[in-house]
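As they're listed, the protein sequences go chains V and Z.
If you count the first sequence from 1, position 1 lands on 1 in our numbering, and the numbers rise without skipping.
Heads up, our numbering is the position in the second sequence plus 1000, with the first residue counted as 1.
The set of hints was computed from the structure by calculation and includes no laboratory data.
On a predicted model such as this, the values are computed, not experimentally measured, just so you know.
Virtual Cβ for every residue (Gly too), placed ideally from N, Cα, C.
Check before you lean on any hint, since a few could be wrong.
[What the hints assert, rightly or not] The list that follows gives simulated cross-link-like pairs (lysine-lysine, DSBU-like), each with its CA atoms no further than 30 Å apart: (1) Lys1010/Z - Lys323/V; (2) Lys1131/Z - Lys323/V; (3) Lys298/V - Lys1087/Z; (4) Lys1112/Z - Lys323/V.
[Stated by the list, open to error] Estimated spans, in silico, between C-beta atoms of each pair: (5) Ser121/V - Met1040/Z: 55 to 61 Å; (6) Tyr1056/Z - Pro186/V: 55 to 61 Å; (7) Leu212/V - Lys1112/Z: 31 to 37 Å; (8) Glu1070/Z - Asp171/V: 47 to 53 Å; (9) Leu145/V - Ser1027/Z: 36 to 42 Å; (10) Arg250/V - Gly1069/Z: 42 to 48 Å; (11) Lys1112/Z - Glu120/V: 53 to 59 Å; (12) Leu1026/Z - Asp184/V: 55 to 61 Å; (13) Lys1126/Z - Val268/V: 57 to 63 Å.
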Amino acid sequence: MAKPKVAFYWNASCGGCEEAVVDLAEDILGVVDAVDIVFWPVALDFKKKDVEKLKDNELVASFINGAIRTEEQKEMVELLRRKSELVVAFGSCAHLGGIPGLANFSNRNEIFERVYKTSESTSNTEGVFPQVKTQISEGELTLPLFFDTVKTLDQTVDVDYYVPGCAPPPDIIMDAVNAILKGDLPGKGSVLAPKKALCDECERNESKPEKLEISEFNRVHQIEVDPEKCFLTQGIICMGISTRAGCGQRCINANMPCRGCFGPLDGVKDFGLRSMSAIASIFALTNEENLSEDELEKLMDKLVDPAGLFYMYSLPSSILRRKRMEK
Amino acid sequence: MNNTATNSAKIMAFCCDWSVQPGLRLSDFQEEEEKAIVTMCSGRVGPELIVQAFEYDAWGVLICACPLGECEHDANYKTLRRVFLLKRMLSQFNIEPERVRVEWVDTGEVGKLQNAWNVFYEEMKKLGPIK
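With the rest of the complex left out, here is chain Z (with noise of 0.2 Å):
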């Protein structure tokens, strides 16, 4: 996708076993090149997982997790809490809250993980890198 060799965005994204990693494996989303990883559920990607993917100089975060309801464990209504609580940290610590998105991705929707990747990349690389 759009990662070209210069003036690109350092973006990285969680991305849950159960919804999208079937969809990931199918794309021609390449994980190693874009950043993706798959986690066993959104609900394992706690907030200390996200600020250390800034402490590597990521420019933003997407995690991408089962939509409401359909979460086996139910976990991503604790991750949708978890990234509303981050994000008012965030904006304290005068990092812009729009750096972390969550995305609710079900089985098979491809086109909609590589619309979210895109859109965020692009939004990330008008922020820039968190000074």
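Bound-form chain V, shown alone (with noise of 0.2 Å):
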């Protein structure tokens, strides 16, 4: 019997999901026993015209990492979308935006001036800017056109499952392709992880008090961390509050806290404004009713840049998505 067969694709990431599926180490070996990997860009030689030969609903699953931001992955997900019965979402960027979504703080023509014109190595005079259509003796080149907003993979194309994580870990890779192969697998939009808090997880937890309180915002560099104490405890912002569980606690384990790659719970529609809301809920409070409120919004100036770091990977998957800009 022909084994089933699958894709992996990426769109606007860094590799790292990649490189999970390459840190599955003898795994591996289990998963192409199993599936045949009819499409894998980044090792394996098969083109788009590979794919646009298969059947509709052909392929069992394809796993996609990145978020969309150019013509290009958009096509690219569509046409793997109509060959695959299930699309997974794998990893931060496809999932709610990951890293490349914080591009929403800006928009294209702001990322061209900086990247192309006014980044300190760069040298272009004759202000010569990426085109879709260019013009040679030899004929005519093409670039896909780059959006002025980055997406998530549900924003472009129908979605069936989430692989979380930047990158997902090995095991949460592994529950996700057994599920899939089995057949065993939770209602459609589902994420393949736990569904506790990362704090329910977390060793440091017992070294929380009764009431958790931040009485000043820090930072990992400016404070020496303790790596037995709860981060929220030494005053410095850790999301294992509402983030979702699942992730090894790999940044933890390194004395950092967490940044919400694993995404929010389930039923919270705003990753950032929940996280927000929590801290917000624990700062100042043993003091609250002593500060006036000149005083707690100067408190308050400590906490530097807080959207960038409460939608540090979920920007794209937001209600707000992204910056208003000037016309």
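Two chains, each in its own frame: build the complex with the hints.
Structure, rendered in structure tokens:
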């Protein structure tokens, strides 16, 4: 019997999700035994035309990582959607927009201006910018259109399941692959990861006092971070409070606070706002009645770039999605 | 109030059930028309709820809460801190932070409520819709 066919594809991403598949180590042999990988640009020499030749829904699943920021990426994911029974958004960028999604605090013009003109290492006296079409003597050259706004995968095509993380850890990937192969899947739209918050699993949870409070905001480079104590009690914003568990606490174990790559828990519409709400709730708690509104505002000055912090991995999936640009 | 059919600013208010709602009932404030939503406590008005109002084309959101120190759940302090941070975040999105306002309204201060609404309404009319 023919093995079920799967595809891997990447969009606006760093390549870490591809690396995560390789990190499966010997487990990848089990995966290759069970499925036929018919498309994986980073590792295998199959082309777009090979995907086009497939029948609709011939692929059991496409694992797609990266956010959507160019016309080409949109075209490819639409093609893969047609050819796949299941589309799995793989990793934070496909799931929520990820780090490339922070570009939504800007737009194409600003990005091109910075990258191709004003950056310190660039010399572009003629003001040459990428064009969708360029005529040269040999013919016409084309580049995919660069969108103003970065989108998540599910804002572009219908997505069946989400494998969260930057990058998804091996055990979460294997659980997802096994669930698909066995057909043992939860409802459409589910995130294939635990349903608890990271704080629930965190070893530092025991050091958390009964009443959790942040008395002032600190950043990791400003204080000596105690590797045993809950980050929040040290004034360092840690998003484990509102982030889905399952990452294996890779950041926490490296003595760095959670930044929310696993995204929100079920039922949360806007990860950044929910996280901000949680942090604001426990800020200056015991002192609240003694602080004037001005004093409180001044204390909050120590929290720099709140939107960039709370939306580090999820800006395109937020309610506001992007900064409003001047016309 | 000033809600004429044309050129009217779309504003909505979240009003605390304990301090604001009794006054609201006694006033000629028409809840449906004026888009005043009664919540059990201003602490229940999370930033997601406020931003969702913007998603539904609101020009501004007014949160009417018990004065500081008078909330049964001490949640109005939380509301204040959340709104402070939300305003900063909105600025980063190029949305005027003035579009969110907290007003402390005590039980029976219908006049204050009405006045706050009118002032906010006029300000939002000047700002216009979010682009």
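Hint check:
1. Lys1010/Z - Lys323/V: holds (21 Å)
2. Lys1131/Z - Lys323/V: holds (10 Å)
3. Lys298/V - Lys1087/Z: Roughly 14 Å separates the two Cα atoms, so the pair holds.
4. Lys1112/Z - Lys323/V: violated (34 Å)
5. Ser121/V - Met1040/Z: 55 to 61 Å: holds (56 Å)
6. Tyr1056/Z - Pro186/V: 55 to 61 Å: With a Cβ separation near 30 Å, Tyr1056/Z and Pro186/V fall outside 55 to 61 Å, so the hint is violated.
7. Leu212/V - Lys1112/Z: 31 to 37 Å: The hint (31 to 37 Å, Cβ to Cβ) holds, given that Leu212/V and Lys1112/Z are roughly 35 Å apart.
8. Glu1070/Z - Asp171/V: 47 to 53 Å: Given range 47 to 53 Å: holds, Cβ gap about 50 Å.
9. Leu145/V - Ser1027/Z: 36 to 42 Å: violated (54 Å)
10. Arg250/V - Gly1069/Z: 42 to 48 Å: The hint (42 to 48 Å, Cβ to Cβ) holds, given that Arg250/V and Gly1069/Z are roughly 43 Å apart.
11. Lys1112/Z - Glu120/V: 53 to 59 Å: Since Lys1112/Z and Glu120/V have Cβ atoms about 55 Å apart, the given range 53 to 59 Å holds.
12. Leu1026/Z - Asp184/V: 55 to 61 Å: holds (59 Å)
13. Lys1126/Z - Val268/V: 57 to 63 Å: Given about 34 Å between the Cβ atoms, the range is violated.
Hint compliance for this structure: hints 4, 6, 9, 13 are not met, and every other hint is.
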